[in-house]
Amino acid sequence: MLENFVPVQPSLINAYKDFPVFIIHPDTGSLVRFLPRSGAYSDTAIRRLLENGIKVFVTLLNEHEHREKFEQSLLLSLAGPFDEQKAAIVRDFTLMLVHESLTRQELADESQDGFSDNLLKLQELAEYYVALLDLDSGEDILRLMHRVMSKDLTTATHSVNVMILTLRYLEKERKEGRSEWLQCVTPSEDRSTTSAAERYALKQWALSALLHDIGKVMVPDQILKARRRLSSLEYSTMKMHVEHGWRIINRAVPQFSSQRVIVRGILDHHERMDGTGYPLQLTDVSLPGQVIGILDCYEALTTDKRPYRSAASPSDALRILKEDTLSAKFQPDVYMKLVRLVADA
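Just so we're on the same page, my numbering is the position in the sequence shown counted from 1, plus 2.
Hint data in this document are derived by calculation from the structure and do not stem from the laboratory. Hints are supplied without guarantee of correctness; some may be wrong.
Straight-line distance between alpha carbons at most 16 Å, and here's what the computed EDC-like set of lysine to aspartate or glutamate pairs gives [claimed, not checked]:
(1) Lys-339 x Asp-306
(2) Lys-174 x Asp-346
(3) Lys-57 x Asp-29
(4) Lys-241 x Asp-223
(5) Lys-218 x Glu-245
(6) Lys-218 x Glu-236
(7) Lys-324 x Asp-276
(8) Lys-324 x Asp-335
(9) Lys-339 x Glu-178
(10) Lys-339 x Asp-326
(11) Lys-177 x Glu-141
(12) Lys-174 x Glu-141
(13) Lys-174 x Glu-200
(14) Lys-227 x Asp-306
(15) Lys-57 x Asp-94
(16) Lys-339 x Glu-182
(17) Lys-339 x Glu-173
(18) Lys-177 x Asp-346
(19) Lys-88 x Asp-142
(20) Lys-174 x Asp-142
(21) Lys-339 x Glu-175
(22) Lys-174 x Asp-335
(23) Lys-174 x Asp-136
(24) Lys-177 x Asp-223
(25) Lys-19 x Asp-45
(26) Lys-177 x Asp-142
Listed next, with one range per pair, are the computed distances between beta-carbon atoms [claimed, not checked]:
(27) Leu-37 x Gln-333: 54 to 60 Å
(28) Ala-228 x Asn-252: 27 to 33 Å
(29) Asp-318 x Ala-47: 35 to 41 Å
For each residue, glycine too, the CB sits at the ideal point set by N, CA and C.
Could you put together the complete structure from these sequences and hints?
Below, the structure written as structure tokens:
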């Protein structure tokens with residue numbers, strides 16, 4: 003029934019008011035038109051959609067036709083000082099793009115040909131977030147984005163949060179004159195200036211962080227969304243997301259698979275310096291694996307609430323990661339940079 007429809011964030015519904023909008027009726031489960039009153043959807047209507055978990059859709063054709071116009075109206079709505087309300091708009095637009103790109107069935111179905119386009123959208127998204135660093139208030143915007151993002155707990159949100167943390171981490175490295183993060187990037191054709199090389203490197207790192215868990219699209223939902231401890235067999239299945247991620251990238255977007263930072267972020271983010279990680283139990287872990295790995299852990303600890311444990315406070319998460327660092331799972335200097343990053347939140 004939904005093969006010709008795409009979901010949209012309810013909070014963005016007014017951007018689609020000129021097109022047919024549909025919802026899943028909460029009583030009948032059928033797809034029905036949802037019409038705006040007086041030319042727009044009211045805040046009350048949007049709040050009810052959100053509170054009741056009602057899913058909103060537009061047709062695939064309308065979504066493609068509307069995307070360019072929608073992005074232009076988004077930019078207009080973000081004009082002026084950046085505040086929490088605007089951060090929420092960017093959050094919802096970001097999550098819409100990431101959800102489309104990371105959860106579409108085409109990723110898991112090798113017979114489909116169009117899924118590489120979805121992944122290439124993420125390249126544009128990474129460029130957008132890298133561009134924020136050029137603004138005088140860029141770091142403040144990223145901090146605010148992370149706070150707003152953390153209110154919505156999904157796999158897509160987690161990936162975006164790790165990307166934001168990664169860019170904040172690298173911005174501090176850049177300002178302090180450190181270049182190790184630059185040196186591990188596959189060279190680009192345009193290295194005519196330092197700024198061009200840095201921008202290219204930041205984009206590769208942002209994509210690596212955004213795609214680090216892409217293999218989870220191949221993990222069954224009953225495992226991925228389990229609100230209990232996984233069995234040993236289920237955990238082994240979950241760990242396969244690393245290899246799945248590499249295969250998806252290698253098949254869907256070959257140009258990504260030649261980028262060292264992207265590849266190592268996907269393959270190494272669960273490796274640990276003491277050899278206890280997976281999938282290869284490496285002890286010489288790449289820098290992307292180390293940085294994205296510890297930021298992935300921190301973000302999961304502080305936002306992922308489970309029935310058997312609560313989400314940790316930032317200080318508790320740092321304490322847990324300090325213990326892991328003392329047991330040689332993480333490099334001490336990478337951990338200390340995370341501490342400074344959290345202190346600046």
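Distance restraint between Lys-177 and Asp-142, which requires alpha-carbon spacing of 16 Å or less: Roughly 15 Å between the alpha carbons, so the hint for Lys-177 and Asp-142 holds.
Beta-carbon spacing of Leu-37 to Gln-333 - inside the hinted bounds 54 to 60 Å or not: holds, 56 Å
Pair hint outcome, Lys-324 versus Asp-276 [Cα-Cα no greater than 16 Å]: holds, 14 Å
Proposed proximity, Glu-141 with Lys-177 (alpha carbon, max 16 Å): Distance ~12 Å between Lys-177 and Glu-141 Cα, so the pair holds.
Lys-174 paired with Asp-142 [C-alpha distance capped at 16 Å]: holds, 13 Å
Restraint status (C-alpha distance of Lys-57 to Asp-29 at most 16 Å): Holds, at roughly 13 Å.
Lys-174 paired with Glu-200 [C-alpha distance capped at 16 Å]: holds, 13 Å
Hinted pair Lys-218 and Glu-245, Cα distance within 16 Å: Roughly 10 Å separates the two Cα atoms, so the pair holds.
Proposed proximity, Glu-178 with Lys-339 (alpha carbon, max 16 Å): The given pair, whose Cα atoms are some 12 Å apart, holds under the 16 Å limit.
Pairwise hint evaluation, Asp-223 against Lys-177, where the allowed Cα distance is 16 Å at most: Outside the cut-off at roughly 41 Å; violated.
16 Å Cα cutoff - pair Lys-88, Asp-142: Given that 16 Å is the threshold and the Cα spacing comes to 13 Å, the pair holds.
Given hint Asp-306 paired with Lys-339 - CA-CA distance at most 16 Å: violated, 22 Å
In this structure, the hints that do not hold are numbers 1 and 24, in rising order.
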